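Chemist: In case you want the letters, here they are:
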Amino acid sequence: MSARRLDAGGRIDRTCPVSFRWDGLTYHGFNGDTLASALMANGQTVLGRSFKYHRPRGIMSAGVEESGAIVSVGAGARQEPNVKATMQELYDGLEARGQNAWPNVHFDLGAVNGLFGRFFSAGFYYKTFMGLPPFEWGRGTGLWMQYEKLIRKAAGMGAASRDADPDAYDHTHAFCDILVVGSGPAGLNAALTAAEAGRDVMLVEQDFELGGDYLNDPAAEAERAEMVAAVGRAGVRILTRTTAFGLYDCGVAGLVERVTDHLAAPDPHLPRQRFWTVRASATVLATGALERSVAFAGNDRPGVMTASAARSYLNRFGILPGQRVVIATTNDSAYGVAADLAAAGGEVTLADARDEVTSAPAGVAMRPGLAPLSTVGRRGVQGVRLATRSGNGWSQAAHEECDLLLVSGGWSPVVNLSSHRGAKPIWNGDLACFLAGPTDEPIHMAGSADGVWNREDCAASGVAAARRAMGEVVEAPAPGGWVRPIQPVYEVRLPGTKAKAFVDPQHDVIGDDVRLAHQEGFVSVEHLKRYTTLGMATDQGKMGNVIGLALMAEALGREVPAVGTTRFRPPYTPVAIGALAGRNVAGHFKPLRRTPLHDWNLRHGATMTEAGLWQRTWYFARAGETITEAYIREAATVRQTVGVCDVSSLGKIAVQGPDAAEFLNRVYTNAFAKLPIGKARYGIMLRDDGIVMDDGTTWRLGEADFLMTTTTTNAGRVMVWLEELLQTRWPYLRVHVTSVTDRWAGVSVAGPKARETIAACLELGTDISTEALPFMGVAPVTLKGGVKGLIARISFSGEQAYELYVPADQGEEMMDLLWPATEKLGGCLYGLEALGALRIEKGHVTGAELDGRMTIDDAGLGKMASSKKPYIGAALRQRPELTRADRPRLVGIFPKDRSQTFNGGALLCAKGRVSGFGEGWVTAVTHSPALGHWIGLGYIAGGHEAWAGKSVTAADPVRRGNVEVEIVSPHMFDPEGVRMHG
Amino acid sequence: MLRIACPFCGTRDHSEFSYGGDGSVTYPALDAPMQDWHDAVFLRDNICGRQVETWQHVHGCRMWLMVERDTMTHEIFSVRPAHPGLAGALEAAE
Ligand SMILES: [Zn+2]
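Just so you know, the sequences run in chain order A and B.
Note that the UniProt record's numbering numbers the first sequence so that position 880 is 880, with each residue one more than the last.
Note that the UniProt record's numbering numbers the second sequence so that position 26 is 26, with each residue one more than the last.
In case anyone wonders, no lab produced these hints; they're calculated from the structure.
Computed from a predicted model, the values in this text were never measured in an experiment.
Cβ atoms here follow ideal geometry from the backbone N, Cα and C, with glycine treated the same way.
Hints are not guaranteed to be accurate.
[Stated by the list, open to error] Facing chain A, a subset of chain B residues (Cβ under 8 Å, in silico): (1) Pro33; (2) Met34; (3) Val79; (4) Ala82.
[Unchecked claim] Label-pair restraints from in silico Cβ distances: (5) A:Phe917 / B:Arg44: 49 to 55 Å; (6) B:Asp13 / A:Arg734: 31 to 37 Å; (7) A:Glu964 / B:Asp13: 51 to 57 Å.
Work the whole structure out from these sequences, hints included.
Modeler: Written out as structure tokens, the structure reads:
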């Protein structure tokens, strides 16, 4: 290829030179260039190496379908692999490299793969490494794992940066009446027609300029400029550098706008890309058509490209891409290309696979009845052998020297977006292409995306599509438009020969792979695709799918429609993960919930931990303390004196109304109907299927006024559940539920001196003695200074304990009273870790034990299930499988050697029988200050009675190994609850 | 990207809603036999086409809705409050 930049012509700005770096060297191009056109103008022909065979590859197209010039752009954390050079706008300082090659694209050691090509034929992986059935663990799998890394290194795409993405991405939403995708003659006319009729129109173009095919024809520039100005005047919202990558339900289109990818020094306040969710009442797809190649030996050699690409480089970028040009066509579209190239000074030979030729463009040598058989040359094409039809096959007929071979095997309308909506493309034999299938959705095809080839017809097609989108019934121009019909040619080869005739150059799939798949019994196109990986590269087979299908059809002795086509799926072109994530990264990945006491806790030395969305206090380390030392001290202090713990994150739901008691009586397994005012009760609620959903205490504040508490984790779920029951099942119950979690700041004050601590903070004369406020008693209280709140005597720690709630914005006032009183009595602040230790000692369950699989009996709480009243889950908890004697039961666990510890998550196995899933598992482990050694909770078949005196192994092969343990009652400390009631 | 016309809030993206389940199920009385509960909880038709399902406008008005939807095309035919009293009141207001 001896491409050279012409002195005039094209849409580039020769007054605005741009310098860029390619493989470490500096080159120059112009504003308006793509990376591909700039490299071509600089005489760069080998731009990358292919996926499997490491064959040198150059520019094959001028657009989104590019399979050869796939490069890496950017440096450091911004390195992006697999960028199509044909789509990358040139800017000053752009840095790009060839990929899949070491040390570089010109001298690639990996090219040796080419010599062992047979190892990479279709199904190579499956056959070699999965000799045993795939997915079965065995010899083949082991071998696979050994070689996989090597093969991935040899055959692969470029490498992404391992660093965090430094750029920002935005998500944005938009609505419109009519979304027009594509701004060629059809798209511009569609947008203008709809906008002039008063519709709100969005026009989306993936290129950096509006115009589509207009851009490749200088004679049409006046028309293009007029249309672009008109759509602007008509108020069309225009997005360039924006790809509609997918269509979804209800008229939703996903767009990616490349905001700064073309800028040398982007405004740091701009996002790199913007991810649009557009909701359109109707969509016009004027997405154009892609020219496809023909499979023949060496059709991937640099210097072989589509015919239309040459026209684009000539007319848009001012480059004569070759001096001696052979064009091999099957249809009329290449004639205009031939004429333009000849007029620009190229020596053009036009080989037409069709026998009858009516008129040759001026200065073009015609070679009718010939098709490309193979290319000659090493790193660039130097000649082409042409073949003529002989019987059912081909025979060699001629040789032409050339430095550029252009191929037109026909055109494939871009029906991808329509296919996203499930409209199955339909084969049109006359035009040798798939057209969009019918759909009931308001999606309208226009222009060459609908198989309309002439520009005037495309314009009319755009107008018609817009009018249909507005509800009119109009005739659209029929597909077609060439003077003479296409003569479909998909592959040219001499009978009985083997050659690398590429069907899918991006994935290095050749014609022989397709035939091999057929020989091995594959008949379904979906299987063919997976076996050969045809169309599974980043381009989703934009160039190769039709050829592959045609070859499969030939092998099967069928027509293309009988073989079918695969369904296209979003995205049309790759979308950066960062664009999908948008701003939802790092601290914004999920909502952050802080309790009203968060700042107060931090000021008092708290280390925080995540509990779902919540930040909760984990432990309050004193100078030099580790977490373990801190929580053991905190838990011990609670047992000895008093501790204060922020429990504001507990779910709180106001359950109010005349039928509230009846409602709770149905929701909880135990009785709530007769709960007196001023009392709290611990309750367990089940799901319909009899499995435990959540637990917590509910306080009766008045005749029709309850305050339900839930676990922190399940607060949202329980709220949804109560709303569902009230709205869908029992709409006649007069109950209202309100989430009041954020309304209250709450603490647990626990320990033998809890009452004394709180009493010191209450208004003088407040009586919270056991007589006035017995165990499970609830009362309104007023703190010193006048803050009003609620107090309940309930205990999770097993100590004498109270929960004290005040309005959220008065939480710090409460703490400023409580903390001095606590300190004075030798108490401490404690966090989740100590809370865990205290509750494990007591055998109190939490989310680790109530994990959505356990019954109330499994958790040892069967006595909480009433036999006197029905409740949700009452029927199905009696299912035979849920009442088996060998169900897992909650147990306590001691290490046999009390100096040892063991891990949460370990499997409990009978000693000597460590295998499979074991007999149970460990849910929680802590060091118990009360008992002086490590303890745990867990489940084991049959419960602790069944394992009394038996040896059990806590097996954790990947971490701690096996530890001998004893199974004990889950109530490991103060089983009678003397301390709690005291 | 379904869009659901909430009778209280207007048409909203489905990401504001959470799916409930089969809206045609009548749950038995709490003291009904286990078999009735088994059938109501576990037996579901796998409908290809129109079905009634419950959705909650969880990031909106939090109302539970009965949505009649085509499981193949996602076309939504009707949306009404699951609470019969509210549904009746809305109908009467129309
Ligand atoms: Zn709503």
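Chemist: All hints, please: hold or fail.
Modeler: Consistency of the hints with the structure:
no. : hint                           : result
1   : Pro33                          : holds, 7 Å
2   : Met34                          : holds, 5 Å
3   : Val79                          : violated, 13 Å
4   : Ala82                          : holds, 4 Å
5   : A:Phe917 / B:Arg44: 49 to 55 Å : violated, 29 Å
6   : B:Asp13 / A:Arg734: 31 to 37 Å : holds, 33 Å
7   : A:Glu964 / B:Asp13: 51 to 57 Å : holds, 56 Å
Going down the numbered hints, you'll see the structure goes against 3, 5, while the others check out.
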